[in-house]
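Q: Start from chain A and add chain B according to the hints.
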Amino acid sequence: MQTFQYSRPTTVDQAIQAGAKSKTAQQYADVRFAAGGTTLIDLMKLDVEHPDQFVDINALPLERIEPASGGGLVLGALARNSTVAHHPVVQRDYLVLSQALLSGASPQLRNMATTAGNLLQRTRCMYFRDTAHACNKREPGTGCSAIGGHNRMLAILGTSKDCIASNPSDQNVALTALEATIQVQGVKGKRSIPIQEFYLKPGATPNRENVLEPGDLIVSVTLPAPVAGARSHYLKLRDRAAYEFALASAAIVVKVNGSRIVHARVALGGVGTVPWRSHEAERELQGRTADAATFRRAAEAALKDAHPASENGFKVELAKRCIVRALTVSTQSA
Amino acid sequence: MANDRKPTPTTEVPEKEEQGTAEQSLFGRVTRRSFLSHLGAAGIAATASPVLAATATQQPPAADAASETQAAAGTVPVTLRVNGKSRVLRLDPRTTLLDCLRENLDLPGTKKGCDHGQCGACTVHVNGQRVNSCLSFAVMHSADEITTIEGIGEPDHLHPMQAAFVEHDGYQCGYCTSGQIMSAVAVLTEPVGPSDDDVKQAMYGNICRCGAYPNIVAAVQAVRRNA
Numbered sequence: 001m002q003t004f005q006y007s008r009p010t011t012v013d014q015a016i017q018a019g020a021k022s023k024t025a026q027q028y029a030d031v032r033f034a035a036g037g038t039t040l041i042d043l044m045k046l047d048v049e050h051p052d053q054f055v056d057i058n059a060l061p062l063e064r065i066e067p068a069s070g071g072g073l074v075l076g077a078l079a080r081n082s083t084v085a086h087h088p089v090v091q092r093d094y095l096v097l098s099q100a101l102l103s104g105a106s107p108q109l110r111n112m113a114t115t116a117g118n119l120l121q122r123t124r125c126m127y128f129r130d131t132a133h134a135c136n137k138r139e140p141g142t143g144c145s146a147i148g149g150h151n152r153m154l155a156i157l158g159t160s161k162d163c164i165a166s167n168p169s170d171q172n173v174a175l176t177a178l179e180a181t182i183q184v185q186g187v188k189g190k191r192s193i194p195i196q197e198f199y200l201k202p203g204a205t206p207n208r209e210n211v212l213e214p215g216d217l218i219v220s221v222t223l224p225a226p227v228a229g230a231r232s233h234y235l236k237l238r239d240r241a242a243y244e245f246a247l248a249s250a251a252i253v254v255k256v257n258g259s260r261i262v263h264a265r266v267a268l269g270g271v272g273t274v275p276w277r278s279h280e281a282e283r284e285l286q287g288r289t290a291d292a293a294t295f296r297r298a299a300e301a302a303l304k305d306a307h308p309a310s311e312n313g314f315k316v317e318l319a320k321r322c323i324v325r326a327l328t329v330s331t332q333s334a
Numbered sequence: 001m002a003n004d005r006k007p008t009p010t011t012e013v014p015e016k017e018e019q020g021t022a023e024q025s026l027f028g029r030v031t032r033r034s035f036l037s038h039l040g041a042a043g044i045a046a047t048a049s050p051v052l053a054a055t056a057t058q059q060p061p062a063a064d065a066a067s068e069t070q071a072a073a074g075t076v077p078v079t080l081r082v083n084g085k086s087r088v089l090r091l092d093p094r095t096t097l098l099d100c101l102r103e104n105l106d107l108p109g110t111k112k113g114c115d116h117g118q119c120g121a122c123t124v125h126v127n128g129q130r131v132n133s134c135l136s137f138a139v140m141h142s143a144d145e146i147t148t149i150e151g152i153g154e155p156d157h158l159h160p161m162q163a164a165f166v167e168h169d170g171y172q173c174g175y176c177t178s179g180q181i182m183s184a185v186a187v188l189t190e191p192v193g194p195s196d197d198d199v200k201q202a203m204y205g206n207i208c209r210c211g212a213y214p215n216i217v218a219a220v221q222a223v224r225r226n227a
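Keeping their order, the protein sequence lines are chains A and B.
Counted from 1, the first sequence has number 245 at position 245 by the numbering used here; the numbering is strictly sequential.
Counted from 1, the second sequence has number 57 at position 57 by the numbering used here; the numbering is strictly sequential.
Don't read these hints as lab results, they were simulated from the structure.
Yeah, the Cβ is synthetic: ideal placement off N, Cα and C, and Gly gets one too.
Be careful, since some hints might not be right.
Output of the computed footprint for chain B on chain A, the stretches with three or more beta carbons under 8 Å from beta carbons of chain B [claimed, not checked]:
| hint | stretch |
| --- | --- |
| 1 | 37 to 44 |
| 2 | 56 to 67 |
| 3 | 106 to 116 |
| 4 | 137 to 145 |
The following residues of chain A were derived to be distant from chain B, with all beta-carbon distances above 10 Å [to be verified]:
| hint | residue |
| --- | --- |
| 5 | THR24 |
| 6 | ASP130 |
| 7 | GLN185 |
| 8 | GLU213 |
| 9 | ALA301 |
| 10 | HIS307 |
| 11 | PHE314 |
Bound-form chain A, shown alone:
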C-alpha cells in the first residue's frame, strides 16, 4: 500500500476544503473521503486506489436519522447500514430499504459501512480488483478483460463496449425504488441530486461512476414521505443464501387499489452498471390489474434492452422471474 497523509476534519467545511484539492473525485482521486472504509481500504490494499490524502470524515456530525420537513426521513451520510436497517421508521415506512441492507455484506461490515459510503461503493468486477489485468475503469484505454473473460456475475443492462461491471449495492437499488434524493455540499454550496441522476453509465468513461466533483461531500440522503397504502419488498437472488452479491435483485414499491395498480416503482440490482430504475416496467404496471400476466409483461419490458455477455445470458430470464416474484409478494393480501 502506498503511504498517505491522514487527516480528521471536525467540520463539513474543513472536509470540503480538503477534498477540493483533489484533481478528480473519481478513479485514482488523490484525496479520498473515508467513512466505513470497507471498500476504499480493501482497494488500497490491492493498489487499485492510492490516495495521497486520506480524509477520515468520521468526526463530522452526520450520523443522525431524523424526520424530513414536510414528511419523509433524512439519513445522515454517516448513519451506519446496521443502524438504518433496524431503525423503527425505516422498518415501518421503508421496509424495502431495511430488507436490502440486511441482505448485503455481513453483520460486521454493516456496522462499519455508512449510507454515503454505500452510495459510493465502487462499481466493480474481479478484473478491476486485479492490477495484473486490463481494465478501462481502473486504467482508461487499456481494454476490458471481463468482456470475453469471466463475466457470469456482471451486468446485462447499461453496459458499453468498454465496461460491463455491475453496481453491487443492495441499498442503492432500494433507494432508487424509493426515489431518494442525495444532498451534496461542495465548494459551490449545497445541491440536491435525485438518485436517478447521480450515477453515470460507463459509456466510454467507466472511470467516472457518478456526478461528484472534487470537494463534493454527501451530507445526507432524503427519503420522500411514504405513499399511503403502498407496500414495498426487496428480493435478492444469489448463488448462496448469505454474504454474496446479487445475480439479480428487485426493489418494488407498489400500491394496489381494489385489484388495480395505482402506484409502482421498480428498481433492479445485480444486472445493471448502475442501480437500475425500470420506467418500462412501471409503465406496464400503472393502472393495470395486479395479476401474473401484468407482472410478466412488466418483467419483459424491463429486460427488453438486455445485452448479455458470454457467461451471463441466464440473468435475463432470472431477472424477469425476480421481478414477477417480488411483485407477487408485494401485492398479495396480507
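A: Chain B only, in chain A's frame:
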C-alpha cells in the same frame, strides 16, 4: 511432536523468567508465538511464499534502510483505548487496527485470515459493535473504545461464550475462534431471532474452514438460553 514445543511438567521455570521478557521465555518456556517471533524477518522470508521472498530479496539493503527511515518519519501519534486501557503509540497511518493490535499492542488473540473483510477472523468490538479490524486503520479509532478477545475473559475467568465454545467443542483448528466468539458475544445484544437459523444468519460473517458450525451454533444458543 507436541512435546518439542511444550514444557514438560517437570521443567523448572524460575519465577522471574515466567514473568520475564519474550527473550527469556525462549530459553525458559518456549511458546509457539515466542519461537516464531524469534525466527526474525530472515526466517519468515525463507519460509514465506516465493512471491514474498522474491520481493524481499529484490530490494537492495540500501533501499530497505531508506524506506524504513521514511516510514519512521511518516508515523503519527495515536492514542487507543483497548480493553479498558489507554495505549499511546506512534504508527505508520497505513497500520490497520488488526495489525496494530497484534504487532504493536501484543494482543495476538485477534487473527488475520483473509485481510479483506471476508472471513471474520479479525472481528473485534468498536464501541460495542462488532467490526472487521482488517478494514480499518488504527489511526481512525482514537475516539473509540476497542474490545478484543483478550478483553472479554481470562483463562481462569472465561466469558460465558468462551466457556460455551469449550463445552460444545465449537472449533477444530481454533484459528477462527476468537472472531467467532467476538461475533457471538455481539449477537447477545443484537436484534436476532430465537432460532438456530437466526443464529446462522447472524454469524455468517465468520467463516470456519474446519466446518465446526453445528457446534458453534450450539454454543451460541446455550449462552442465549441462559442469558
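Q: Name the hints, by number, that the structure is in violation of.
A: Checked against the structure, the only hint that fails is number 4, while the rest are satisfied.
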